[in-house]
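A.B. asks: Chains as they are written, first to last, in the numbering used here: chain G, 1 to 558; chain S, 1 to 558.
Do not take every clue at face value.
With a cut-off of at most 27 Å between alpha-carbon atoms, the simulated DSS-like pairs for lysine-lysine come out as follows [to be verified]:
| no. | chain 1 | residue 1 | chain 2 | residue 2 |
| --- | --- | --- | --- | --- |
| 1 | S | 460 | S | 536 |
| 2 | S | 325 | G | 404 |
| 3 | S | 404 | G | 335 |
| 4 | S | 335 | G | 404 |
| 5 | S | 404 | G | 325 |
| 6 | S | 536 | G | 460 |
Sample of chain G residues lacking proximity to chain S, with all beta carbon distances greater than 10 Å (derived) [as the list claims (entries may be wrong)]:
| no. | residue |
| --- | --- |
| 7 | 130 |
| 8 | 193 |
| 9 | 243 |
| 10 | 409 |
| 11 | 451 |
| 12 | 499 |
| 13 | 517 |
| 14 | 521 |
| 15 | 525 |
Label pairs and their calculated CB-CB ranges [stated by the list, open to error]:
| no. | chain 1 | residue 1 | chain 2 | residue 2 | range |
| --- | --- | --- | --- | --- | --- |
| 16 | G | 217 | S | 430 | 39 to 47 Å |
| 17 | S | 217 | G | 207 | 23 to 31 Å |
| 18 | S | 517 | G | 556 | 17 to 25 Å |
| 19 | S | 453 | G | 113 | 30 to 38 Å |
| 20 | S | 474 | G | 316 | 46 to 54 Å |
| 21 | G | 430 | S | 284 | 40 to 48 Å |
| 22 | S | 555 | G | 445 | 33 to 41 Å |
| 23 | G | 452 | S | 217 | 46 to 54 Å |
| 24 | S | 355 | G | 438 | 20 to 28 Å |
In short, the hints are calculated from the structure, not lab data.
Ideal Cβ placement from N, Cα and C applies to all residues, glycine included.
This is what each chain is made of:
Protein chains: 2
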Amino acid sequence: MAGERLLYLPLGGAGEIGMNAYVYGYGAPGRERLILVDLGVAFPDMDGTPGVDLILPDLAWLMERRDRLDAIFVTHAHEDHVGGVGLMAGHLPEVPIYARSFTAHIARRKMEENGQNPDRVRTVDTWPATVATGPFTVGFLPVSHSIPQSSAMVIDSPAGRVVHTGDFKLDPDPQVGEAWDPDLWASVGEGGVRALICDSTNVFNAHPGRSEREVAPELEKFVASASGMVVATTFASNLARVRALAMAGKAAGRSVCLLGRAMRRMVTAAVETGVLTDFPATLGPDDAVQVPRESLMLIVTGSQGERRAASAALSRGKYLGFEMKAGDTFLFSSKTIPGNETGVARIWNAFSELGVEVSDDAGGRYHVSGHANRPDLLTVHEILNPQIVIPMHGEHRHLTAHAKLARENGRAGIVAPNGSMVELSGNDPRVVEHVETGRTYLDGAALVGALDGVVRDRIKLALHGHVSVAVILDDGDTPIDDAWAELRGLPETGSSRTNLQELVEDDVAAFLGRADRKTLRDDDKLMDAVRHVVRKTVVDETGKRPEVTVLVSRLAVD
Amino acid sequence: MAGERLLYLPLGGAGEIGMNAYVYGYGAPGRERLILVDLGVAFPDMDGTPGVDLILPDLAWLMERRDRLDAIFVTHAHEDHVGGVGLMAGHLPEVPIYARSFTAHIARRKMEENGQNPDRVRTVDTWPATVATGPFTVGFLPVSHSIPQSSAMVIDSPAGRVVHTGDFKLDPDPQVGEAWDPDLWASVGEGGVRALICDSTNVFNAHPGRSEREVAPELEKFVASASGMVVATTFASNLARVRALAMAGKAAGRSVCLLGRAMRRMVTAAVETGVLTDFPATLGPDDAVQVPRESLMLIVTGSQGERRAASAALSRGKYLGFEMKAGDTFLFSSKTIPGNETGVARIWNAFSELGVEVSDDAGGRYHVSGHANRPDLLTVHEILNPQIVIPMHGEHRHLTAHAKLARENGRAGIVAPNGSMVELSGNDPRVVEHVETGRTYLDGAALVGALDGVVRDRIKLALHGHVSVAVILDDGDTPIDDAWAELRGLPETGSSRTNLQELVEDDVAAFLGRADRKTLRDDDKLMDAVRHVVRKTVVDETGKRPEVTVLVSRLAVD
Chain G
1 MAGERLLYLP LGGAGEIGMN AYVYGYGAPG RERLILVDLG VAFPDMDGTP GVDLILPDLA
61 WLMERRDRLD AIFVTHAHED HVGGVGLMAG HLPEVPIYAR SFTAHIARRK MEENGQNPDR
121 VRTVDTWPAT VATGPFTVGF LPVSHSIPQS SAMVIDSPAG RVVHTGDFKL DPDPQVGEAW
181 DPDLWASVGE GGVRALICDS TNVFNAHPGR SEREVAPELE KFVASASGMV VATTFASNLA
241 RVRALAMAGK AAGRSVCLLG RAMRRMVTAA VETGVLTDFP ATLGPDDAVQ VPRESLMLIV
301 TGSQGERRAA SAALSRGKYL GFEMKAGDTF LFSSKTIPGN ETGVARIWNA FSELGVEVSD
361 DAGGRYHVSG HANRPDLLTV HEILNPQIVI PMHGEHRHLT AHAKLARENG RAGIVAPNGS
421 MVELSGNDPR VVEHVETGRT YLDGAALVGA LDGVVRDRIK LALHGHVSVA VILDDGDTPI
481 DDAWAELRGL PETGSSRTNL QELVEDDVAA FLGRADRKTL RDDDKLMDAV RHVVRKTVVD
541 ETGKRPEVTV LVSRLAVD
Chain S
1 MAGERLLYLP LGGAGEIGMN AYVYGYGAPG RERLILVDLG VAFPDMDGTP GVDLILPDLA
61 WLMERRDRLD AIFVTHAHED HVGGVGLMAG HLPEVPIYAR SFTAHIARRK MEENGQNPDR
121 VRTVDTWPAT VATGPFTVGF LPVSHSIPQS SAMVIDSPAG RVVHTGDFKL DPDPQVGEAW
181 DPDLWASVGE GGVRALICDS TNVFNAHPGR SEREVAPELE KFVASASGMV VATTFASNLA
241 RVRALAMAGK AAGRSVCLLG RAMRRMVTAA VETGVLTDFP ATLGPDDAVQ VPRESLMLIV
301 TGSQGERRAA SAALSRGKYL GFEMKAGDTF LFSSKTIPGN ETGVARIWNA FSELGVEVSD
361 DAGGRYHVSG HANRPDLLTV HEILNPQIVI PMHGEHRHLT AHAKLARENG RAGIVAPNGS
421 MVELSGNDPR VVEHVETGRT YLDGAALVGA LDGVVRDRIK LALHGHVSVA VILDDGDTPI
481 DDAWAELRGL PETGSSRTNL QELVEDDVAA FLGRADRKTL RDDDKLMDAV RHVVRKTVVD
541 ETGKRPEVTV LVSRLAVD
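Just chain G, same shape as in the assembly (with noise of 0.2 Å):
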């Protein structure tokens, strides 16, 4: 084994939260076997993102090392880890994709939509199970968070076990889905662990997690108590809480339905799998519509705000056939995911007009986290004892009040955040090289590069609005007829009160009259001479400093 050597090297995820993608390598410095743990998307904002559809890691350092990967293994069935699976699948070689049933149903769904083999994507079963690829035997230990399935990595090589949690909560009565198992780690830890490579989500909750299971009978309550129409909403996939809510709905004596593709989707794949075994029976819209309002409870997506889901719909008016009115109740059983308040208050405004009462997780009340606090992780770092604990899944402030968590308890943390490749073995675990990482966009169809510039133009565009000017030349290099310019995103009229379209073509027509032969003959110095006028003119007129395209256009003699 001499002169082999035992990598970690996150690719996403690992100072952001989201796009988990995670290598580990052994052998040979630069022969190393790779694997893949995870495959996500991120989510787009306006800020940074706008008209980006889904943010993915940049795998390119993976796709030049493409016939040394072997396998890629998937936690479970959040987007942030498998939602890259089907986009990337053609990207990658044509290795096996592991999962547990669940995460398996749902990858395989992405895998045909985006015309990829949804063979690739085995089933496997759970810890002691193992699946073995080159130098590495990897288990799926089974652990509780807000999707049912969640699994950790036990990752074990000829340099000693790595654990990778995925996302992981403590929760011993979880609702749907195992429950969290201390023996069993224990027993994972004890021929003991080089490395933990651990959630940072919660870093920052000082107090332990709470239990899925608190939330139900408070649930019941509410439904029980609510008047009019009933709606709820949560994530889709967090199918313990869409359960309770159903269930809270049944207790009531309401008719549930649920609403949103997402939803049926979960429940469907949970419902095919035996994930769920008891989900009360469900309305389909076209039934539920004819149920009285005060019969009835709606089970919704959007929970954070998204335009396009459920919850949103139903706070613009008729969605469906069904339509709030005063008198009826909205829940979101869910937390605002930052970023993502406006978005929330918006639907919450919007039901307040329509007079419907709306309530939120109330400090916890009708909602739970699905990540591990302060203190559970402190737990999980004991029972597990590793040499190393490298914190993920968090921005770099998690990772480094992660990191300073482990030290202060005695065990040597890494803060590691993409690009770092982390030598695991030997007697000095630190992280070797900085390989170049960043993010590749789904724009529309296209895949493009973060640094490509074409959303950084965008963003420019939404600043500072668009200039387009056509010019002339005649084949002596005169300008022919007056220029022609268009304004977007810009205002009619400047400070001087003229119409600002009219001036920036006298503006650029009396450039034209006295620009020099030497200018009007390279197209470059002409484009960039227009541009500077057309600038000038709408900064002075208006402080904002539009993008210009200038069409230079040289008439051939006929």
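Once you've looked at the hints, dock chain S against the given chain G.
C.D. replies: Chain S in isolation, oriented as in the chain G frame:
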């Protein structure tokens, strides 16, 4: 007095938190004399208002009745109350603008910056002093808030007394400025209060508000135990906090330096108007950079993550000679306003990468709110005992919850969002008319209406990108030369992996070759058709629907 009426009409601030502007009127219907309370701004975001500098209430209703406006009153110097005074002064008649000395100081600066006469701003004394204007007598009733000299307006008219709270909290010891004085407020309520127009910001907080007094000792402990250079940020206008931070620095033996224009401006205004008499001596940046880092404390702007403010600048690297390093300490002595989470996290993460220890308000240890919580609102309802409560300074959901709170306690509560004209006099106070209201954008140097489409166009550009196409025809309507297209914010290649620009140009050229004379002759038809061709090509290739500008040039006969 028969046939005369007392009106309340919010033009901004009731239905959002920001751009406060409230009209009161008294007189015969249609001939009421009017006053305006506050004239504030709101802040833009990329989601809905990219590139916009400030958002102002649409004052069209008031401008159409300019001859009836007698005065403007400004409750306090926060931007959402005073920020529009300079910008809008030129659009409103030259009526006096009344404010207390500190607020007046800020308002005069805004008048000067906008080329308006600062002498229109008149300094007033506090209640029981009053200003008589038309049918109204108006007094400035001191109240505690997170800025000095905040005041409620006591508005007397022949139809009775209205108390308009402005922003407030019930702080018995706000450290700077007047304490909450329940006896004074009770005396105002003694003769009976017709209506209370009341701040609703914190109606969802069920705990009694906390005093600014609680923060100072915590800040002192924090700075005493901090290492390296200490940098703290808070709202520049929260002078009690800025002073407490400065004193905590001094107590720890550190030199103190204020960074950021707003920070220096606010402290200067407060010292010049006698509001701050004991602010510790500070160093200018040039002297402060000479001080060893462990003996220095900076108090800086940018607590909300603003990209151009000092906090963000320091997180990016060297700023005015200062540079944060591993072992330094940064404190957010502030709460993150919803919507600003991403910007604040960006700064925190950047500091984390530098090795700077970052602390936030730690669940309230280093920050208290400036607004009255639900129990405090009830206290004010009880002390003034008004016949009507009309919530303001809140989104719709805040107004609704606040009105409900009033009703639950036996008072009439009226939800009156922007544009709701409420008749306060008579036996049946209620909304009597809905006035068209909206928002005006300061966009560079231009004021544009929110519905003008200028910003909507920019959002479209941000989401879908832009294509400019030049088409040239001769005087026989025959296309000359090939079409030329330029793409912005679109990927270079789409699904066919061909250069997208060339594809667009080819498709336009092909279309021009087959277009009939009727289309070629008609500019509008031609532009529509070319736009259609370009969109189709780009949608097919990339899935995006760009904005398309077609510049048609028709060459005249020589």
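A.B. asks: Does each hint fit the structure? Answer for all of them.
C.D. replies: Verification of the supplied hints:
Taken as a hint, the residue 460 of chain S and residue 536 of chain S pair is honoured in the structure, with Cα atoms around 17 Å apart against an allowance of 27 Å. A distance of roughly 17 Å separates the Cα atoms of residue 325 of chain S and residue 404 of chain G; the hinted pair therefore holds under the 27 Å criterion. Note on residue 404 of chain S and residue 335 of chain G: the hinted pairing holds, with a Cα-Cα distance of about 25 Å set against a maximum of 27 Å. For the proposed pair residue 335 of chain S and residue 404 of chain G, the alpha carbon gap of about 25 Å is at most 27 Å, so the pair holds.
Annotation: proposed proximity of residue 404 of chain S to residue 325 of chain G holds, straight-line Cα distance about 17 Å (limit 27 Å). Simply put, residue 536 of chain S and residue 460 of chain G have alpha-carbon atoms about 24 Å apart, close enough for the 27 Å limit, and the pair holds. With a least CB separation of 36 Å from chain S, residue 130 of chain G remains clear of the 10 Å interface cut-off, as annotated. Look at residue 193 of chain G: its CB is around 26 Å from the nearest CB on chain S, clear of 10 Å, so calling it non-interface holds up.
For residue 243 of chain G, the shortest C-beta to C-beta distance to chain S comes to about 29 Å, beyond the 10 Å cut-off, and the non-interface label holds. Remark: the non-interface label on residue 409 of chain G is consistent with the geometry, its nearest Cβ contact in chain S lying 18 Å away (cut-off 10 Å). No beta-carbon of chain S comes within 10 Å of the beta-carbon of residue 451 of chain G; the shortest separation is about 13 Å. Separation of residue 499 of chain G from chain S is adequate, the least Cβ-Cβ distance of about 13 Å exceeding the 10 Å criterion.
Under the 10 Å C-beta cut-off, the non-interface status given to residue 517 of chain G relative to chain S holds; the minimum distance is some 20 Å. Taking the minimum C-beta to C-beta distance to chain S, about 18 Å, the non-interface status of residue 521 of chain G holds against the 10 Å cut. Separation of residue 525 of chain G from chain S is adequate, the least Cβ-Cβ distance of about 17 Å exceeding the 10 Å criterion. Checked against the hint of 39 to 47 Å, the pair residue 217 of chain G and residue 430 of chain S passes, with Cβ atoms roughly 42 Å apart.
Residue 217 of chain S and residue 207 of chain G have their C-beta atoms about 25 Å apart, which keeps the hinted 23 to 31 Å range intact. Checked against the hint of 17 to 25 Å, the pair residue 517 of chain S and residue 556 of chain G passes, with Cβ atoms roughly 23 Å apart. Residue 453 of chain S and residue 113 of chain G have their C-beta atoms about 36 Å apart, which keeps the hinted 30 to 38 Å range intact. For residue 474 of chain S paired with residue 316 of chain G, a C-beta distance near 51 Å keeps the hint of 46 to 54 Å intact.
One distance hint, 40 to 48 Å for the beta-carbon pair residue 430 of chain G and residue 284 of chain S, holds here, with the actual separation near 43 Å. Look at residue 555 of chain S against residue 445 of chain G: about 38 Å separates their beta carbons, and that is inside 33 to 41 Å. At about 53 Å, the CB distance of residue 452 of chain G to residue 217 of chain S agrees with the hint of 46 to 54 Å. Checked against the hint of 20 to 28 Å, the C-beta distance between residue 355 of chain S and residue 438 of chain G comes to roughly 23 Å, which is consistent with it.
Of the numbered hints listed earlier, not one is contradicted by the structure.
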